[in-house]
Amino acid sequence: MKIANPKLTLYAFHLRNNLAQGEEEPVEDANHLWEYCRQLGKILNIPRLESLFERLQDSQGNVGITPSWNNSESDYLELLQPENLLSFSAISRGSSLQLRGEVYPFQIHDTYAIDITLRYPYDHLEIEHLADLNPQGCLGITPSHSLLGQTLVLFAQPEGKLNDIPAFIDDCLTAIVPDSDRQNYWLAAQGKFLGSPIFEYNNHQENPAQPSHILIWLNYHSQTETLETAGDYYQPLINLLCCRSKILYAYSQSRWCNQQARKLYRQLDSKVKGLQQLPSEPTQRLKHLKAWLTELSQTAFAYANHLRDLELQRITIETNNKNYQFWLNQLKLISLKKEDDLELWQQFISHKSEKFIQQIATDLSYLIPSQQLFQQMIESIRGIVETEQAESDRSLQNTVAIVGVGLTTAAIAATVAPYAIPPEPRQPLLPPFSTHHLHPLAQSLLWSLVFGAAGAVITKGFTALIQNQGVISGHLTQLIRDSSNKMAKLSGSTQEILPQSQKLKK
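In terms of my numbering, the sequence shown opens at residue 10 and continues consecutively.
Treat the hints with care, since some could be wrong.
[To be verified] Listed next, with one range per pair, are the computed distances between beta-carbon atoms:
hint	residue 1	residue 2	range
1	G392	A370	26 to 36 Å
2	G169	Q69	49 to 59 Å
3	E111	L171	21 to 31 Å
4	K282	P175	53 to 63 Å
5	L94	D67	24 to 34 Å
6	P175	S231	15 to 25 Å
7	K341	D84	15 to 25 Å
8	L94	F335	35 to 45 Å
9	S231	Q262	50 to 60 Å
Think of the hints as simulated: they come from the structure by calculation, not from any bench.
Fair warning: this is a prediction, and the values are worked out from it, not measured in the lab.
Cβ atoms here follow ideal geometry from the backbone N, Cα and C, with glycine treated the same way.
Construct the complete structure from the given sequences, taking the supplied hints into account.
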């Protein structure tokens, strides 16, 4: 089967700015699209494509402008001035076919976008030559953190009448997709656009930045080529694809946030179980609890950030949902009313996008109550730590007081001892147990030890008495209340007995 004038277009979208880094500064990998063009130019031997980045930069090395809601210029800004569109031809490497194309870079608010079109300007071309428009899958940008998504669109005119359109479409797909990826693509939807059949293929890539979306559009109606050349459909379609990429990107980010939040919750659950297995030794227990308190505070902060990001992704999807519907309505206005069927694009917003919003809402309904559990856990551990720390500090103070009093008492005893011990002539120090009399120095040391120990014991008892004063007072109060109750009962019983005795006397 032969085709005429085929062209393969890559639409790719990449964040220029995001909330995390502020609207003033571009994201770190903002120039990823332009670096890709440099590499693609080398692969296809297209010098003008290699030098695109330099053409886009201003005097300060920046590309595009800072997006602003007050400046409508950033809503749709053509970056290549003054020509807007850069045409090129590949330097032939022995092939009889001349590869031509155009590159059209632009900015949609906070997003860089690029249209790279490769074409063969021939009326009779074997379908197998479509593979030369995408050699080794080169029309596919390597993923980066801020790459939102990419779509391949093949526009071609079959030569003659098609008896089996699905088979022809399958041959086209096989030609433009590398063999290693072909089995991953499946027909997601089909319809009619500007009078001709259009087929949508997706693959099972979870990362929206991977090449995963292909449209094969046939020039199979008398008005299709005229309307396609006029280009009235172009801006609504490119904006619709941009919204689609943002929705898929936001949902992909929400899956990551949900996964990370669930990991943190499992850490919290393990800590709850670990409370029952704390060391019994007070110092070790306090050390563990303090470490947990620091760790849980950091974990709770990270958990809250993930919940916030989930909510932001939900809002992003809802916003782009509305924008997607707006641009789809614009496409419907310029479509051939009796010929076109745009249900393939309506299905995305009616089914997939709404499902994304519901899934994030479900995730939040599970995760938000756990945020309160984080706070309760932190407060509980903080209370235990404060209690344990107070007990530890009080024990230390008691020990210092007891030792201090003991040493003071021992010092006083050592000072007073010479007056209490009878003076004796100078005696040499003898080995232990060699005499029945203690040396005055030994007696002085003994007195110091005895009085020091006695002072320490008395101080310990006095300290315990003061600390337990509340408990003792409570016991005394209870005893007094019990005694009062007994006296009241006894008094009442006496009053009942006296009248009976008086009756006996009468």
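Hints and how they fare:
{"no.": "1", "hint": "G392 x A370: 26 to 36 Å", "in the structure": "holds (34 Å)"}
{"no.": "2", "hint": "G169 x Q69: 49 to 59 Å", "in the structure": "holds (55 Å)"}
{"no.": "3", "hint": "E111 x L171: 21 to 31 Å", "in the structure": "holds (28 Å)"}
{"no.": "4", "hint": "K282 x P175: 53 to 63 Å", "in the structure": "holds (57 Å)"}
{"no.": "5", "hint": "L94 x D67: 24 to 34 Å", "in the structure": "violated (19 Å)"}
{"no.": "6", "hint": "P175 x S231: 15 to 25 Å", "in the structure": "holds (22 Å)"}
{"no.": "7", "hint": "K341 x D84: 15 to 25 Å", "in the structure": "holds (21 Å)"}
{"no.": "8", "hint": "L94 x F335: 35 to 45 Å", "in the structure": "violated (26 Å)"}
{"no.": "9", "hint": "S231 x Q262: 50 to 60 Å", "in the structure": "violated (45 Å)"}
Hints 5, 8, 9 from the list above are not met by this structure, while the remaining hints are.
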